[in-house]
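**Student:** Residue strings, one per chain:
There are 2 protein chains.
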Amino acid sequence: MDNLYAVIMAGGSGTRFWPLSREAMPKQLLRIDGGETLIQQTIARVSPLVPIDRIYIVTNKNHAEQIRFQVPEIRKENYIIEPVAKNTAAAIGLAAIHINHYNPDGVMAVLAADHVIRHKDRFLDTLKDACGIARSGYLVTIGIKPTRPETGYGYIEAGDNIANQGFQIFSVRRFVEKPDVQTARGYVEAGSYYWNSGMFVWRAGVILDEISRHMVPLYKGLKEIESSLGQGTEDFVTGEIFSKLESISIDYGVMEKSDKVAVVPADLGWNDVGSWTALDEISNRDANGNVITGNVVDVDSKDSIIYATNRLVATLGLKDTVVVDTEDATLICRKDMAQDVKKIVMELKRRGAEEHVTHRTVVRPWGSYTLLEKGERYKIKRIMVNPGARLSLQMHHHRSEHWVVVSGTARVRRGEEVFFVNPNESTYISMEMKHRLENPGKIPLQIIEVQNGEYLEEDDIIRFDDEYGRE
Amino acid sequence: MDNLYAVIMAGGSGTRFWPLSREAMPKQLLRIDGGETLIQQTIARVSPLVPIDRIYIVTNKNHAEQIRFQVPEIRKENYIIEPVAKNTAAAIGLAAIHINHYNPDGVMAVLAADHVIRHKDRFLDTLKDACGIARSGYLVTIGIKPTRPETGYGYIEAGDNIANQGFQIFSVRRFVEKPDVQTARGYVEAGSYYWNSGMFVWRAGVILDEISRHMVPLYKGLKEIESSLGQGTEDFVTGEIFSKLESISIDYGVMEKSDKVAVVPADLGWNDVGSWTALDEISNRDANGNVITGNVVDVDSKDSIIYATNRLVATLGLKDTVVVDTEDATLICRKDMAQDVKKIVMELKRRGAEEHVTHRTVVRPWGSYTLLEKGERYKIKRIMVNPGARLSLQMHHHRSEHWVVVSGTARVRRGEEVFFVNPNESTYISMEMKHRLENPGKIPLQIIEVQNGEYLEEDDIIRFDDEYGRE
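Protein chains in written order, with my numbering: chain A, 51 to 521; chain B, 51 to 521.
Simulated from the structure, these hints should not be mistaken for lab results.
Incorrect hints may appear among the rest.
Copies of the same chain are indistinguishable here, so a pair counts whether it falls within one copy or spans any two.
Said to hold, decoys possible - Dumping the calculated DSSO-like pairs for lysine-lysine here, alpha-carbon to alpha-carbon at most 30 Å: (1) K385 <-> K228; (2) K424 <-> K369; (3) K111 <-> K399; (4) K352 <-> K393; (5) K178 <-> K307; (6) K352 <-> K399; (7) K228 <-> K484.
Based on the provided sequences and hints, a complete structural model is requested.
**Tutor:** Below, the structure is given as structure tokens:
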């Protein structure tokens, strides 16, 4: 498997998991089923087969920062940044250019960052099989054996078995869009249809050849980007090219047109976690068919998904309902309309609301902060600084800050002074005073910050020095 | 109407309006339909007929304090305090003793503090009619002409017309419990059934006579209380007597047994606001049959009640569902189970939770405070002090307090010092330091308080001096 690369597609915005997912915190970054986040699970899953330095992450600039906190083991060079989201064809093409440039024998396994796969060993076996057939020039797609007449997935109809080593590897007769229930039932009974998982394995050179055949403008753009690699102009050129590209999926742009496509069937306990109803599949239901998480008091509900955090959620007699509660927003929705949560997000955008953009708790490389209240000319935050971490040396033009330490010890630089602030002590940072907050201790530092000023947005910050390379 | 007294029954705990209502803030104290609170509406409604010094309020000690903030025009002497809740027979008997003691010709109109009545003029006319017939010795109950086969109310079957002045006043054939839908339909068709509104008019002396006939132990207790009136032992004697009384309603204890009962039919646009579904009757539904209040984004819901405050509530495809969102708790319930919200409250009690007891915002005579966060050894509150108001001179054994003023001006007494704290300034009150917070200004004072300490409950307070007579 020396030439096998994993390409983790992590650019998704995940609006269908609102209000748990936000623009700044999409699905791949969340603990949907408890345990690790979906992208952490994805990388852990592929790691036995692909060493960490051959795992690439395709995402945008904003998400890259968050992903780096979650999987610090992936080095910065392995991030492939989409300057603007242009769907999977462009993103995959960009990854292929990079891999092919440095290793013309490279085989890429394209994997989503935000799926759940229960059978980890079978997944690795499937990848190995797929890798073998990919070497001989096929575009291999992983087809999931359907376990129910799911209408939320596209299907792949398999043709003849093309494997000569006794594996089950089929040619592809056709890709079909999400069917209605009746059609889906027929597919499940036929036995020759598989769910289109969006996981692919192919030689980087082969997918580029197929792009050159079926998507000429994309191919030309990719060649221009390739010639900029290592020249210092790569980001600029990629930005220019991407801004003009068509937004199109790899399925539609290449897979449905190519004659080199093969499907490897697999039974992986796979779920694309496409909407809240996925919890019915990936979590354990109780005796009443409910999936209940968090601070919930339920009386007589059935077949419902109730996802709470610390706030109290009380439910009474619900049926086939999804309830998702977060600190600043609550969603209540009919289960069979869970796909339409994006309509809510669209409406929030239209209103200029903030609840689809960020959570009240925002994770930073040094820890996190939680917005407790925003009022006229003031804002209250709880700030948590990890042991040994420090914020940038910074200054604000429009606000002053009162800090009260409630646990741990703060080392504060204020102008030229440096001093410690202990629990039940406070300090004050006036406007335009250079300052830095640091946790020199062994336990988390928690401070309550009361900001005062006319303008209290995050962008009123001048950073002079930052541990984490931020500007 | 010189001898007419209004007795407002305001002891209800209102668990069926959780989470908007709490033990410390029952339904009568809430703005359910916008505008004034239900008790404010009740008092305003009866005021054209009954002067303020003849309006009595029957409630318990805790609610009395809150009611006094809401209706400061009612003097303290007009509160009749139930030492312990013993249902309506005891509460009404206690009020009757007081009124009869000071005015043997007194006629009492017993009114609930937490009902809605749309037709205010008709209500006053009905009261006048009822008062007339009550003078001649009847126990008059106000029967509401049913407009639908409601199963949530008890009914009164009317007998013969007993009025000799051309009014419609009937004898009562029987009281019937809440019927099933079929029976209720029959009642509506029959035309001789009325909803039992729980509003009564009678001479204090007459209801006491009837109590002496049908509820001997209660009568004896009331006579003992009467003999303590004006002796300084009234509170003690009332407490002793009440602790031993049976908990029984006036309907069951007297009305169903007495032969002096009459019913005055009325069409008042009355609603007892008995559960969240009452909003369907007392509020305006939109084109989709929804009643929507607050920060709500709805897509495709029908016939639902969605009650939000400032937090965002997003609803999608709901049908016949009630959603009630408050700062610290959210209820989602099937409409036809809205009566069972009390089951949720019972479960919260069982768990020792706080969300059925108090709101995050607690109203005080000097203003209010809102709990923003409670953590390990700290608590954060926003405190609002009304212009000209001041808190008690106080001290805490177990906590220190950091105060940051965010608007208005604070006058702070700390030990022997007195000083002013302006916006964007802070001060610190150490443990066991006597202190007092005052708003000397013309606009509300808002401060953010960060408490530190091992024990942070409200009962760690020693009051030395208080404007509002609290200990």
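**Student:** Please work out whether the CA atoms of K228 and K484 approach to 30 Å or closer within one copy, between two copies, in both situations, or in neither?
**Tutor:** neither (57 Å within a copy, 71 Å between copies)
**Student:** Within a copy, between copies, both or neither: which one fits K385 and K228 at a CA-CA cutoff of 30 Å?
**Tutor:** within (18 Å within a copy, 35 Å between copies)
**Student:** Check K178 against K307 for me: Cα-Cα at most 30 Å, and say if that holds within a copy, between copies, both or neither.
**Tutor:** within (25 Å within a copy, 87 Å between copies)
**Student:** From the Cα coordinates, with 30 Å as the cut-off, is the pair K111 and K399 best called within, between, both, or neither?
**Tutor:** The answer is within: 21 Å in one copy meets 30 Å, while 49 Å across copies does not.
**Student:** For the identical chains here, do K352 and K399 meet the 30 Å Cα criterion within one copy, between copies, both, or neither?
**Tutor:** between (33 Å within a copy, 23 Å between copies)
**Student:** Is it within a copy, between copies, both, or neither that the alpha carbon of K424 lies no farther than 30 Å from that of K369?
**Tutor:** Cα proximity of K424 and K369: none, with 36 Å in one copy and 34 Å across.
**Student:** With identical chains, the pair K352 and K393 could be close in the same copy or across copies; at 30 Å between alpha carbons, which is it: within, between, both, or neither?
**Tutor:** Result: close both inside a copy and across copies, 25 Å intra and 17 Å inter.
Violated hints, in rising order: 2 and 7; the structure is consistent with all others.
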